[in-house]
Amino acid sequence: MSAQVTPSQTAGPFLHIGMLWPDGPTVVAADEPGAIWISGHIVDGAGEPVADGLVETWQADTQGRFASAEDPRGTTTDFRGWGRCETDAQGWWRIRTVKPGPVPGPHGSVQAPHIDVTVHARGLLRQLLTRIYFADESETNAADPVLAGLPGDAARRTLLAQPVEGGYHHEMMLQGDDATVFFDA
Amino acid sequence: MTDTTTGEGFALPSYVRKVGDPALATPGYGSTTYRAPNRLEILPHTLTEVTGPAFGEDRVKAGDADLTRQSTDEPLGERIIVHGRVIDGDGRPVPNTLVEVWQANAAGRYMHDGDRHDAPLDPNFSGAGRALTDAAGSYRFTTIKPGAYPWRNHPNAWRPAHIHFSVFGRAFVQRLITQMYFPGDPLFGQDPIFNSVRDERARQAMVSAFDLDETVAEWALAYRFDIVLRGRDAVVFEDDEEEQ
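Protein sequences, first through last, are from chains A and B. Okay, so the first sequence: first residue is 74 according to the numbering used here, each after it adds one. Okay, so the second sequence: first residue is 53 according to the numbering used here, each after it adds one.
Keep in mind that the hints were calculated from the coordinates and are not lab data. Heads up, a few of these hints could be off.
Said to hold, decoys possible - Label-pair restraints from in silico Cβ distances:
(1) 142/B / 239/A: 43 to 53 Å
(2) 251/A / 79/B: 22 to 32 Å
(3) 253/B / 95/A: 38 to 48 Å
What the hints assert, rightly or not - Here chain B is said to cover these stretches of chain A; the calculated rule only asks that three of the stretch's residues, wherever they fall, bring their Cβ under 8 Å from a Cβ of chain B:
(4) 118–124
(5) 192–200
Positions of the beta carbon are idealized from the N, C-alpha and C atoms, including for glycine.
Throw the hints in and build the complete structure from the sequences for me.
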């Protein structure tokens, strides 16, 4: 019998004590070619901002490569790929990063540029997992196997970050008719 | 196009579904009401999910694992050792992975602006610690036993004493945020967060064990907390034409 996997528990309202890093939001340096800000805004089912949460991001570099020993293609990059930012009093967060390249997907497919995003907060007994895609990648998005598996265009649209000056912005709704798609992985 | 998107036959692990996790919607825990999503879609484990960040020694300073020596004076309370191994569901150790902890002080008060509990802060205790697991997946903290504290979830609600743990693992889908509890806590029965894990065996996986062997005479008691991350299913191949 395999060992019981340790269950998740909420990070609670005081996660800042243990999880804040000064360089968490800066995945790349300001002078990195292609550096952009990706901002987000998180709203709960009562329309209130999630002001005590924390977002983590994981993504490939511009060539679709991960700085991880778990990448079976081998590691060809030292791109950190990981970001972390707490939400502010209005529920906003942001990271400075680069837009990832396409990444191979299941069965020979190609995944459109995307960023895995987790949310940790009071009231979340498990971390939430979603993905950010880019609204200006309509061609690659149309061929993306994960987006294709979602129930309809409205659901797909909830994952799209919209171009704004200096980067992209993503609105996240935890509940409601316009709720963001979250994943069980 | 680069060679990163097509034409490579490579094997990807798939991680076993977690059994025993709490339901996001847990009515007894009031904060879930407006925050728990109503539905989840299934995400296959692709390259993005089976890879994950790697952090090195540069992320951990000497002394980060000793929460009793972050100030000029020692914090008040019962000094304890908290140690264990990070392994995955297959029993493999997870070496060189970052473990972050945070907790209340001995009086049950967090060093945080949002904590209004009427209990004293301890200027010598931040409650934050960090460690990297060694080659065997082992970690070790020295800290102060946290106190229980009241919260306003329901009448006379108290959290059992706990230490928050954040563990990275090898893959983004192994990422774990949990809480370590202490054996025999009389507050377990009325705590909706602890009991959000419905399965008894799974709940017990969050409870540390008193560890007499690791106790340091004349100095500190010890608790052992082994952390088990998700293990792997059989390997699946991304490209059927190039089986290895």
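Hints and how they fare:
1. At about 44 Å, the beta-carbon gap between residue 142/B and residue 239/A stays in the expected band of 43 to 53 Å.
2. At roughly 24 Å, the beta carbons of residue 251/A and residue 79/B sit within the given window of 22 to 32 Å.
3. Hint check: residue 253/B to residue 95/A, Cβ distance near 40 Å, so the stated range 38 to 48 Å holds.
4. Given a C-beta distance limit of less than 8 Å, the hint that chain B covers the region 118–124 of chain A holds, as 4 residues qualify and 3 suffice.
5. Taking a C-beta to C-beta cut-off of 8 Å, the region 192–200 of chain A contributes 8 residues in contact with chain B, enough for the three needed, and the coverage statement holds.
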